Amino acid sequence: MWKKSIATLAVVAGALMAISLPAMSTAAKAKPAARQINDGREDCYACHEEVKALKEGSKHAKLACDVCHSKLKEHLANSETKPGTIIDQALCGKCHKDQMESLFKVNYESPARKEKGVPTGRSPMMDKLLAPYGFTIEHNEPRGHAFMVTDQFVVDRFAGGRFQYKNGWTDVDKVGNTWDILKDNGPDFKMSETAKAGNPTCIQCKTSDHILKWKFMGDKDPKAQWDRTSDVIAVAKETNHIVGCIHCHDPHGTQPRVVRDALIQAIDDKGSKMFAGKDGKTDLKVISFRDGFRKIGVMQKADGRLMCAQCHVEYACGKGFEFSTGNPVGYDDQRTNHFPLTGPKELLEHYKKTQNFYDFKHAVTGARLVKLQHPETETFAGSVHDKAGVTCKDCHMPVLKNKAGKSFTSHMVIKPKDHVKEACLRCHPKFTAEQKLYQITAIQNYSKGKMRKAEYWLGQLIDTYATAKRMGVSEDVLAKAREKHEEAHVLWEWWTAENSDGFHNPELARDTLTHSVALSKEGVALLNKAIDAKAGAPAAK
Amino acid sequence: MWKKSIATLAVVAGALMAISLPAMSTAAKAKPAARQINDGREDCYACHEEVKALKEGSKHAKLACDVCHSKLKEHLANSETKPGTIIDQALCGKCHKDQMESLFKVNYESPARKEKGVPTGRSPMMDKLLAPYGFTIEHNEPRGHAFMVTDQFVVDRFAGGRFQYKNGWTDVDKVGNTWDILKDNGPDFKMSETAKAGNPTCIQCKTSDHILKWKFMGDKDPKAQWDRTSDVIAVAKETNHIVGCIHCHDPHGTQPRVVRDALIQAIDDKGSKMFAGKDGKTDLKVISFRDGFRKIGVMQKADGRLMCAQCHVEYACGKGFEFSTGNPVGYDDQRTNHFPLTGPKELLEHYKKTQNFYDFKHAVTGARLVKLQHPETETFAGSVHDKAGVTCKDCHMPVLKNKAGKSFTSHMVIKPKDHVKEACLRCHPKFTAEQKLYQITAIQNYSKGKMRKAEYWLGQLIDTYATAKRMGVSEDVLAKAREKHEEAHVLWEWWTAENSDGFHNPELARDTLTHSVALSKEGVALLNKAIDAKAGAPAAK
Amino acid sequence: MWKKSIATLAVVAGALMAISLPAMSTAAKAKPAARQINDGREDCYACHEEVKALKEGSKHAKLACDVCHSKLKEHLANSETKPGTIIDQALCGKCHKDQMESLFKVNYESPARKEKGVPTGRSPMMDKLLAPYGFTIEHNEPRGHAFMVTDQFVVDRFAGGRFQYKNGWTDVDKVGNTWDILKDNGPDFKMSETAKAGNPTCIQCKTSDHILKWKFMGDKDPKAQWDRTSDVIAVAKETNHIVGCIHCHDPHGTQPRVVRDALIQAIDDKGSKMFAGKDGKTDLKVISFRDGFRKIGVMQKADGRLMCAQCHVEYACGKGFEFSTGNPVGYDDQRTNHFPLTGPKELLEHYKKTQNFYDFKHAVTGARLVKLQHPETETFAGSVHDKAGVTCKDCHMPVLKNKAGKSFTSHMVIKPKDHVKEACLRCHPKFTAEQKLYQITAIQNYSKGKMRKAEYWLGQLIDTYATAKRMGVSEDVLAKAREKHEEAHVLWEWWTAENSDGFHNPELARDTLTHSVALSKEGVALLNKAIDAKAGAPAAK
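Residue numbers (the working numbering), protein chains in the order written: chain A, 874 to 1414; chain B, 874 to 1414; chain C, 874 to 1414.
If you're looking for bench data, these hints aren't it; they were derived computationally from the structure. Be aware that one or more of the hints could be misleading.
It does not matter which identical chain is meant; a pair holds if it fits inside one copy or across any two.
The list that follows gives simulated cross-link-like pairs (lysine-lysine, BS3-like), each with its CA atoms no further than 25 Å apart [to be verified]:
(1) K1063 to K1218
(2) K1266 to K932
(3) K1039 to K1303
(4) K1069 to K989
(5) K1394 to K1244
(6) K1001 to K1402
Model, not experiment: these values are computed from the prediction.
Could you put together the complete structure from these sequences and hints?
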């Protein structure tokens, strides 16, 4: 289905050919004279030495520049005329057919539109615990990468419901270019119980389409078509592909790389040890283009943890408020594009002290809550598997054989529980698949038990707070209870946002979830004490 | 099993042979002289011309009258001696073996006695939201038609528990004649947490046994053995078969038909456009017998929607109260046998204004609530599938082949999800069964998410109301909250009563369920405002 | 796996050879002179006539004493030197290979660490209904006998978390000797949200290792290494095997037997009719050793009900309180090792009047609650199956064939639902497995519906109590509500503790669970009445 709808995306402004290493910036800006083209590359290399450095000697060395770029002749004639760049996965797929086909393969084991916040769901008490945050409008269990854009755009909390499937529900398993699948019902469309919570930054984790139109960190810039404050509908409507090959693979030279700005910034700032090798260093060379307009990070050796960390982390991308003042923090503020890259125990402190940022106040208690995303990377860091040198792709992207018997890395990310043999037994050959599945399930059963207890006690804290407030319990007691709520909330929500049900790091899950329970119980106890004092009633017999 | 227990039900009083078209009533009442019988029909036709009109030229033309009727000789000798009529499906099954066997086939995929009102069930918050209505006693997920009578009679809310399986739980999958399977523990039998909520009208949707003993609309009449006020136990104990072939197929001439009185009345009253064809007319010729004692509706062409609408609709059949006065409405009132035949958005208005009828008051808020039944027909009306000309049988009654290779319409009504190939792929041949199942599941996942949210917010409304009342919030605020409860309740319960989890009309489900959420939130907000004013507490920080 | 870790447990103090029938006690204590040993038995029999009586003529007659006992020569030389006794199942397994291998077979259909107290679990409202009892810390669905010791030791409520798997979660399906699988993190180990609720008595149901070191009823005695007040950690660390063959089979003569003290006491005290045959007598000859230091009960014919009743009953083994005084009851009190052997309707009365013992007070209401265990035996007593002469093993321990085609009784206890053919169809050959599974499921669906309703109403009672207390409702009303709570609680918890979801006795389940609902509703009603009077508010409209 996606094959038919492959389209080329000619990106003009701020095109890749225009980027340059800082040392080359003057030369790059100079207008080259019109010249004879052979297979194109010599003429291009004359200005773009950095491309030559990546390309020559690499597996892509034999490709002519016009394979991926258009309007080269015009650009050579007049450097002000920008060339086009094809970002569509279909181009890469001409040679990397198995990888691309697997990327778009639908995993029918992962159902669509499965709400998390229901009694049988992954987050049964979500409506109470996250009130009134947008995720309470609709928050579904994730399904494959092939749907990452369309699922985001149609969810009831993204754009007020104006983006819907063109042909209704029969499009729910359709993959391919966004606007071949979706339609826009327009700005006047009204739909009950929706939210307009999408923003341009969150789209950068779902697509590579804007890679040349978005300044590093999404700051405003005359050279950037989009920034953090852009109209999200406009950005969405020019988003036609899911995250592309180029997010993880340098197109000029096939080097493993990362492009997501907040990840690069976090590693640059803190020299994050999360991804360090045995030598204590992180294998990431950050390259700045066009005086910092863009940065990419190139690895010597592909590190699945870094590649996946471009999205599978806790991050801030929405508007929020300052802890210190309560003042709003808008999209003009760089704090709305931030990767903490820290563990659950340190996270609240990080947001309170370093970032001075929270997402929303709880509807009942008024506690200042951080909305968690999907911190798989931070969870996995330091786990038994991480220490053993396992990376994401070892379990989630198995090496398969195509029909011709040739091996390739599947880019349909698998759930190990559905593919235990491929995911586990290569490293654990002495176990049967039945045993490994049993062990995984045991961990998840245990972790889910703790999650449910953390939810129960957060709920008790919220309900007891409501009673206390109505009975006129003093603000100093209420303030202490809110603080317990803030602490207990982060330690719980981490795990309902994280997608492994504790498997990525069972000890950390146990440790933090039970600490959440303990904090909620402390909050309930101090409220109950104040309530009983108010009521003049003796404590429970 | 059922084969052994087939019994004939000789219906004497008000027998079918006695019915007559109004124009013929004088002739029919005249006593015919004793005459020679050949194969019977000429003698019968002498008085019963309407039978001749239906029968001659039809597929049943070759059948002699005494195939289905007994005591014909006595009746001919003395018309006061009424003939008998065999209603048992077994008689029809002599020729329509495949249809009858499929009608009684047990679908082991549909479990028995599966309570809806449990956390993992179809209506997890039922005990709170429907308190104190009888459905909170026991309310199970439906299983096949073969169990429609026995399941109703044994459910703990029907007859105080006095009807039970003869051999205990091993009878739970037994089909056949009611009283071969069940026993009556008698009027003195006591069982905790039961209700006696059955009534004669509700039995008319489960069986055809009383078709000649029940006046149109169940009104009292000397010629009728039963009416709406009859002793339900007595009616039950003479109910031996599930809905018979004759509910949908005229026995004299095989014409497609309907017999359920409240459906015929609703279409007659309003000329319901719900079942109209492209010409704007509903294909239903209503025929009145015996000066309106009975009515049937005959179709030119079988319309599955009409046939199924005899039961699969929202209806009122129990006692209730008037909105305007609060006075009880008893079974003597025709409002206790009523089909609204209207959609969820218009339903409350219909019950408030037109019917002036509600079922019960909520235990906590005192809101006047309408108990919803299973409005599949109204839900489907106007849906994508309805507009495409699909009717119920196309998805639920597949054409199968018997062992001899002959095609027949299965009368074991299927769940399409268990039989996607038969139910969907005839019309959608370009999809695989896996895809269609995935798409159905997506709709249901989404709709179930909205149902759970509607339930959560109704629960919040109820709990907040209890707090408000206890804090002395003024009656005018409480009254507004009750009104919100009344509105939000109908829009939710429609979908938990309806059996498709939104599939029959996903847009309508989404629209009404989210409106239910919005209404509940409005109720919670106005109560909280009043509570905070009472408490003198500031709003949540 | 377990094969490699088989170790012999040489038990010295209070060894089996030292026990004697009362009449023989003098002879047994006399020091025998040093003598020639042939195959050992004549010398042993000289003092141990009771062993001769059990052994000679039995299936074990041909075994020499030193097969199971060590240091015989030394013991013969000096009777003060106690012989050793091998309790390890591995010894029995040398001849009874199939039985032993099946005992240790892992049933991968039963997941590990599956918390009951979650919305989709067996006891969804446990955290509220059992607060603050230790079971709210972690309470899992049971899995096979092979894990009975390790599962108990690692559960978060047993030893504060200090016992954990040696190799982490990959040990979760490992069977064999306890301390080959587990490690002890030591007394200083701290883990959040754990409890230290284990006690020496509860270990006696999990292992046979202490059979010679534990006086009857666990009373303190110089000859006993352990008693009820012993350090549970010390007892645990010397517990290396799950319940052994000798729990149910006398090792000297293979006679069917029971050894669990509280069962023997309960039958001795009350001459329990629960296990009586048609002659009204229970087939259990109780033999007292060493002046009552130990007792065993020997059967003429194996009665699975008695054997299983050693563990699968309601019992008290933890500390508690007296109903009459509120005073604590410690482990020094024999009430902490007690089998009531009574049904759910009589149980509270038994604990209130006869035992004067309750386990804990509810966190909110202060009701004095009995913590139920797994009363399968009492539930089954009097059921349809019990009356038909069925015993536990008939459904749970099928006769299988080994690879050589030889029949043996499986000692991997099965869930009948997973093995309907073996469990049901031998006695019900006219049904298909599909039908029987359907019928079982129907019973469980119905019973689970009632359980969920009982939970809902207990929750309502607790919440309403909290409101009432805060509004200053008078103590006499609160006291009445607490009494309702105490009664309703037992009738509910029985069934969530019992493992058949009502199947063992559907009528009893229905009867008691609905009575629990009725009692909770009475409690709610009397509280609401008092609350409304306080609030001056009119009752719900």
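* Hint numbers contradicted by this structure -> none
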